[in-house]
Each structure stands twice: as C-alpha cells, then as structure tokens.
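Enquirer: Sequence:
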Amino acid sequence: MTGTDNRPLTVLNDNLGNNVIVELRYDKEYRGKLNGYDPHLNLVMEDVKEFIDGEKVREMDKAMVRGDNVVYVSP
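Numbered per the working numbering, the sequence shown spans residues 6 to 80.
Just to be clear, a hint being listed does not mean it is correct.
Under the rule of at most 25 Å between Cα atoms (straight-line distance), these lysine-lysine pairs were calculated in the BS3-like manner [claimed, not checked]: (1) K33 / K54; (2) K54 / K67; (3) K33 / K67; (4) K38 / K61; (5) K33 / K61; (6) K54 / K38; (7) K38 / K67.
Since the hints were made in silico from the structure, they are not lab data.
Please model the entire structure based on the sequences and the hints provided.
Expert: Below, the structure is given as structure tokens:
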C-alpha cells in the first residue's frame, strides 16, 4: 500500500455525497449519489438512474440497494 487507506468501507465513506456507479447482479446498474451505506454494503442513493443491459429504464428520487446484490461500486 502507498499509505492511503483503500479498505472498501473507507472508499465508500470518501465518496459519500458523490455520484457513483453500482453494478448489480443480473446486468443491472444504478448511477446516482451515494447517501449512505452499512457494513453489509446496503446502500442508500438518490437521483438514481437504473440501467438494464446498458439501457436506461427508469429514474428514481431515492433507492435502497441490498448489499447482497452489489457486484461492485465505482466512484
């Protein structure tokens, strides 16, 4: 390591209030602002755009994502 803290929850904490891309199971993706998370990787997001197979299918003011469905989070 280079001295920076790259633990997963620290990376999430550093990106609170920022837009992130959340890849989910079954070729689903959420893009929006990360408002909160817990140790199980449950996420709370706002201004969310949902994509399935790369195509935007809906927009949501708020969404809660169950951590079991998260494949990765990209800042």
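Enquirer: For a C-alpha distance cap of 25 Å, please report whether K54 and K67 respect it.
Expert: The given pair, whose Cα atoms are some 10 Å apart, holds under the 25 Å limit.
Enquirer: Please verify whether K54 and K38 have alpha carbons no more than 25 Å apart.
Expert: Satisfied, since the Cα-Cα distance of roughly 10 Å is no more than 25 Å.
Enquirer: Given the proposed pairing of K38 with K61, does the C-alpha separation stay at or below 25 Å?
Expert: This hinted pair holds, its Cα atoms lying about 16 Å apart.
Enquirer: Is K33 close enough to K54, meaning Cα to Cα at most 25 Å?
Expert: holds (11 Å)
Enquirer: Does the structure keep K38 and K67 at a Cα separation of 25 Å or less?
Expert: holds (9 Å)
Enquirer: Check the hint pairing K33 with K67 against an upper bound of 25 Å on the C-alpha distance.
Expert: holds (16 Å)
Enquirer: Are the Cα atoms of K33 and K61 separated by 25 Å or less?
Expert: holds (10 Å)
Consistency note: the structure conflicts with none of the earlier hints.
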